[in-house]
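What follows is each chain in one-letter form.
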Amino acid sequence: METCLDEGTLQAYLDGELSPETLNNVALHLAACAACAQAAHAAEQELAHFNAAFAPALSANVPTAKLRARLDEAIAGMNAPQRGFATMPAASRLRSIYASLVASLTTFTPRQATAFASFLVAVALVVVFFALIQTPDGQKTTGGEVAGNNQPSAPASSPAAPVANRETPDAIAAVTASSGDTKDKEFDSPAPVRVRRDDRAMFVKAGLNNRQPARTPVDGGNAEAGNTTVAAAAKPEPVLEDEKTYISSIASLTSAIEAQGASGLTPTLRAEYERNLAVVNQAIISSRVAARRNPQDTDAKEFLRAAYQNKVELLSAVADQAQIASSRD
Amino acid sequence: MSAVAVCLLLLLACPFTSGTAAHAMRESLAGEGRGSSRNEVTRGGSPTVTAEQTLAAEETVTLLACLESGDVVVRAWDRKEVRARSNDASRIELRRADATVEPNPATRIEVLVAKDETEPARPGLCSNSGNLELDVPRGATVQIKGNTGDVSVAGVANVRAKTLSGDIELQRIAKSSEAWSANGTIVMRNSSGSARLETISSEIVANDIGTDDASAEFFAKSVSGEISLSKLAHTHVEASSSNSAIDYEGALVEGGLYTFKSHSGSITLTLPADSSFQLNAKVHHSGEIVTDFPIRQVPVQVSEDPRNNPPVGGALLEDGRLTGVTGKGDKRAATLILSSFSGTLHLQRQQ
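Here the protein sequences come in this chain order: F and S. Using our numbering, you'd call the opening residue of the first sequence number 3 and step up by one each time. Using our numbering, you'd call the opening residue of the second sequence number 20 and step up by one each time.
Check before you lean on any hint, since a few could be wrong.
[Stated by the list, open to error] A few chain F residues that face chain S, going by a derived Cβ cut-off under 8 Å, partial list only:
id: 1; residue: Val281
id: 2; residue: Ser288
id: 3; residue: Ala292
id: 4; residue: Ala308
id: 5; residue: Val314
id: 6; residue: Gln323
[As the list claims (entries may be wrong)] Calculated lysine to aspartate or glutamate pairs in the DMTMM-like style (CA-CA distance at most 20 Å, straight line):
id: 7; chain 1: F; residue 1: Lys303; chain 2: S; residue 2: Glu257
id: 8; chain 1: F; residue 1: Lys303; chain 2: S; residue 2: Asp227
id: 9; chain 1: S; residue 1: Lys164; chain 2: F; residue 2: Glu315
Note that these hints are calculated values from the structure, not bench results. Every value quoted in this text rests on a predicted model; they were computed, and no experiment measured them. Glycine is no exception: its CB is placed at the ideal position from the N, C-alpha and C atoms.
Chain F with its partners taken away, still in its complex shape (with noise of 0.2 Å):
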């Protein structure tokens, strides 16, 4: 029974963020493991309703401009009445603000109350949130829970001292690995951060969110003990003998076309490309299922075969145009 992949590997695989090799082991994992795929398919989806949710929690103005003018509203309309508020010492004002600010929520409409109540669940979630995320490694993680390997757990670390410098090889290895090779720049931490997969999910998806740029592998050491802690993870069997071959090639276009860039391409064609692309995405993981599931389906293999060359070639395309946009810029 394969492991399945962690949360962050899959986000950063979706972000085309993985190196080569590592692309290799996922994709050959995701063709084969059909919870896997599905689970990919659902973190976009996880990360637009992780927008919408936070959205008026993160984005600072809006919601508190517009209670404060309402607790305004209210204090003013309570305070009409009264006379010499505004000479009253500050500290008579503060408890007086403070009085009213009682009385409101004593006097809330229930719908009032309710979305007070929600933007007050919403405000402990966005604390809770930054404070896990910047966190020291080791504070607040605990061992054995690293996603995608059952490595123990490395020591606690300062933030301060460079990761060679911290941590045992297996330890850093453990630690890439989980992370999905993910930068904790994104976040202005000086140093990676191993989390647990639910915090980690939280971690990969606010960087998608923030749109930041591809991430590089912390160092070249970490980098590839990462990779090959994923590769463990995977080792998916090659159904087609050829297999590796094409997915090489898929590595390769897939590579060269980020190098290259695809701005040459119109809007249009791109939705295009990738509409195609997931296509032959779908067909290459429902043949391969079926092709594992009775190896001696030659039908199931021809059809895998055939997904995989449509893949190649739909790359190529998209690589040729790619270089042809960049020899033209």
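Chain F is fixed; fit chain S onto it per the hints.
Coordinates of chain S only, in the frame set by chain F:
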């Protein structure tokens, strides 16, 4: 005198119309600008020829053109020369791409077009051009590469066309056709010889394609574009699509081999009621096989080439596979190999 003046006015007014009279007049006046470019004046707001060049060529000349933009129209004529015209380029050059020198006719010509008079020619690279009209000998081989513009080729012997998003239309091609487009429709009509048509996401339509060559093959492939084929005379027809429909309509050639594969799209064959064929159809994962033709069970027949001709016969229905024969089912019967991972296979009678 006045007739000549009228002819000239008509020529200037609609040089790019495809009407027979206008075309005939253009042909009758062709050759005036041989070996040199010329400019003409716009009359009455109609498009006009802004650049033109003509070059003597072998009947079997190979013509190369690559355009960043603009449409390309290629027509065959009975002259042994190539004429290139544009209605918005400032300069056209028919450059010899072989070892021949004047006065010998060229065997290989590259068409270079420039929008700006000062723009240097870029042999081997695509021209930043507008529309281009080419008249070539009937035996010519035409190789056109376009980007967003459409490509239309008619009457030549061989054609290879490639576009990114422009449509490709091929008519009366005599010997062989190759067309590839990422996002453009490919239409091929009234032609003969081998054909290889591929697109990623647009439609492929082929109608009335004959052949005198027994070895000529017809091949069509798309990822997500529909494939509609009718009246093909090839003994080897193959079409495949990842997730779009494949339709074939027409009689089957005796002894012909028809291979249609789709991952998730349907495959529909509309055949004459008296068709005779051996059938090997399979839906792998889901989908169904629907046939208007009675399929008889026959003993297993192993072909000499199992890759192209998988065994026919044995169990009529087994594991999503339907094999058997309809009609006489003798050696002259065609062989249909239909395969889909999750689409429907439909054999229906022609009305």
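Of the numbered hints stated earlier in the document, which are not met by this structure? 5, 8
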